[in-house]
Amino acid sequence: MRIKSLFFITIAILIFNSCVIGQDMKTDSQDIEQFKDKLASKVAELQKKDEKAFSGFVTEINGKEISFKTNDNETFIAEIDDVLTKFYSLITGVKKEIQLEDINKDTYIIVTGPINGKIITANNIYIDTHYLSDSGIINEVNSTDYSIKVSLIENESLTVDIETSTKKYSINPESFKLETIGFSKIKSGDTIHFIYEKTNSSKAEKRYSAEKIIIIPQEYFSK
Amino acid sequence: MKKEIIYAISFGVLLGLIVAVIIVLILRPSNKQKTLPSNTKTTLKPNQIKNNYYPLEITQPSDKQISTTKEIVIKGKVEPGSMIVIDSPYSEKIVKNSKQDFQIDFPLMLGENLISIKAYINKNQTIPQIKTLSVYYFEEE
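Residue numbers (this note's numbering), protein chains in the order written: chain V, 1 to 223; chain Y, 1 to 141.
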């Protein structure tokens, strides 16, 4: 659809230009310039809308190439240009310029730039935190170590640690509003959505610290 | 061959068949017996979603899309009457949607935003329909 739009805009520019040549020389050149600018900005806007980013854990750094693996196990190569490529860290929530040397194996990176197959000519490379989310039913609430056992939708089960920093919410079944809750409000049989930080070293573990949980009380389903 | 012998053989075969059928019927396990006793420790499992519901569909934004604005609009279609739960590490929203189309403003944080959109189509099904996508927010330079 957007490719079509770009095509038609390009054709429109060409037709418009050829019309202008044939027209009276007295045509207001300022208007033409304005129109051209508008078209150019529209094209740029459409191109920006199509722009995508790719993220994953760094598997190898080889000179001016960084290989990284996405969540879907796809491997991409980010090509670094000494002049063009810029490096930033977003770990603290604020954009901070860094150097290539700050990126190591197992670092989670986001790469932006033109892509050709599996090779991205990197304009920007960002270091970021990688989060994952999951859902399931609470099977067990352990109030001694503040953990819960969850049966996931895919029939797996894992343990979720509820830290003091974990944001804990519950959906009010009447008003559908989110309410902040304490650990004691979590019950076996409730539905849970949780978000946790994923590091490359936590591959085989089935225990995660939750960044955030949203509980749907079983009362919602029993009504 | 004498008629009596033929009758005796036929009777014997028929009787054998009747006995065989009775034995098969008696020895066949009933449906109840087929079910293995479950573990003494019960494990709660989410209810399965039944068909014939409008599947959750996200028309905007697309996965891996870059945004230069701090807020995006999530548009899509869902079974009317569903409860929609949207969450990311940064924000969360709950909407009870009466129509098929929905449109929800959602804030972004700098960098990768893992956005999980879940639709609970009714109160009998604890497994939601789920769509997860990554949207990247970078400030315009």
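Errors might be hidden in some of the hints.
[As the list claims (entries may be wrong)] Below, in silico cross-link-like pairs of lysine-lysine (DSSO-like), each with a Cα-Cα straight-line distance of 30 angstroms or less:
(1) V:K167 <-> Y:K70
(2) V:K69 <-> Y:K131
(3) Y:K77 <-> V:K177
(4) V:K149 <-> Y:K93
(5) V:K96 <-> Y:K96
(6) V:K95 <-> Y:K64
(7) Y:K93 <-> V:K38
(8) V:K167 <-> Y:K96
[Said to hold, decoys possible] Covered stretches of chain V, going by a simulated chain Y footprint (3 or more residues, C-beta under 8 angstroms):
(9) 95–106
(10) 208–219
Rather than coming from a laboratory, the hints here were simulated on the basis of the structure.
Glycine residues also receive a C-beta, built at the ideal position from the N, C-alpha and C atoms.
Hints, one by one, checked against the model:
{"no.": "1", "hint": "V:K167 <-> Y:K70", "result": "holds (22 angstroms)"}
{"no.": "2", "hint": "V:K69 <-> Y:K131", "result": "holds (22 angstroms)"}
{"no.": "3", "hint": "Y:K77 <-> V:K177", "result": "holds (21 angstroms)"}
{"no.": "4", "hint": "V:K149 <-> Y:K93", "result": "holds (25 angstroms)"}
{"no.": "5", "hint": "V:K96 <-> Y:K96", "result": "violated (39 angstroms)"}
{"no.": "6", "hint": "V:K95 <-> Y:K64", "result": "holds (19 angstroms)"}
{"no.": "7", "hint": "Y:K93 <-> V:K38", "result": "violated (37 angstroms)"}
{"no.": "8", "hint": "V:K167 <-> Y:K96", "result": "holds (22 angstroms)"}
{"no.": "9", "hint": "95–106", "result": "violated (count 1)"}
{"no.": "10", "hint": "208–219", "result": "holds (count 4)"}
Consistency note: the structure conflicts with the earlier hints numbered 5, 7, 9.
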